[in-house]
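Engineer: Sequence:
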Amino acid sequence: MASASAGTFSKHKGRRVLIVDAGITIGGKSAVKIARISSARPKGSVRFFETKKFLGDYWILLDQVSVVTTTELVDPWSGSNRLKPGELDTVRKEIAKIAG
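Heads up, the sequence shown is in the working numbering, so the first residue is 34 and it goes up one at a time.
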């Protein structure tokens with residue numbers, strides 16, 4: 034199980050994700066809100082946030098957000114595995130706009 038800290042990158046079902054919020058509970062189990070991450074710039078009308086990391090650019094897919102239990106996460110992927118605090122705040126605000 035990966036660290037369930039907001040702003041940390043992890044993996045869920047083999048895909049890279051950002052932990053947007055931690056400290057959530059589902060049916061008595063610890064959970065987190067996650068957003069998918071892409072290493073390729075999204076095409077079309079996909080809403081995203083771009084972040085530049087040491088190993089390259091990544092796009093956080095703002096319209097692909099879900100809540101999962103922390104037991105579904107695996108160890109963080111290699112590379113710089115955190116967003117800067119200001120970036121995390123921006124991602125949260127953009128997700129909130131989409132959610133309405």
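Worth double-checking, as some hints may not be accurate.
Claimed, not checked - Restricting the straight-line Cα-Cα distance to at most 35 Å, the calculated cross-link-like pairs of lysine-lysine (DSBU-like) are:
#1 Lys66 - Lys44
#2 Lys130 - Lys46
#3 Lys62 - Lys85
#4 Lys76 - Lys66
To be clear, the hints were calculated from the coordinates, so they are not data collected in a lab.
Engineer: So, for every hint listed, does it hold in this structure?
Structural biologist: Hints, one by one, checked against the model:
A C-alpha spacing of about 13 Å is found between lysine 66 and lysine 44, which places the hinted pair at or below 35 Å, so the restraint holds. This hinted pair checks out: lysine 130 and lysine 46 have alpha carbons roughly 26 Å apart, not beyond 35 Å. As the CA atoms of lysine 62 and lysine 85 are separated by approximately 33 Å, the hinted pair is consistent with the 35 Å bound. With a CA separation close to 24 Å, the supplied pair lysine 76 and lysine 66 stays within the 35 Å bound.
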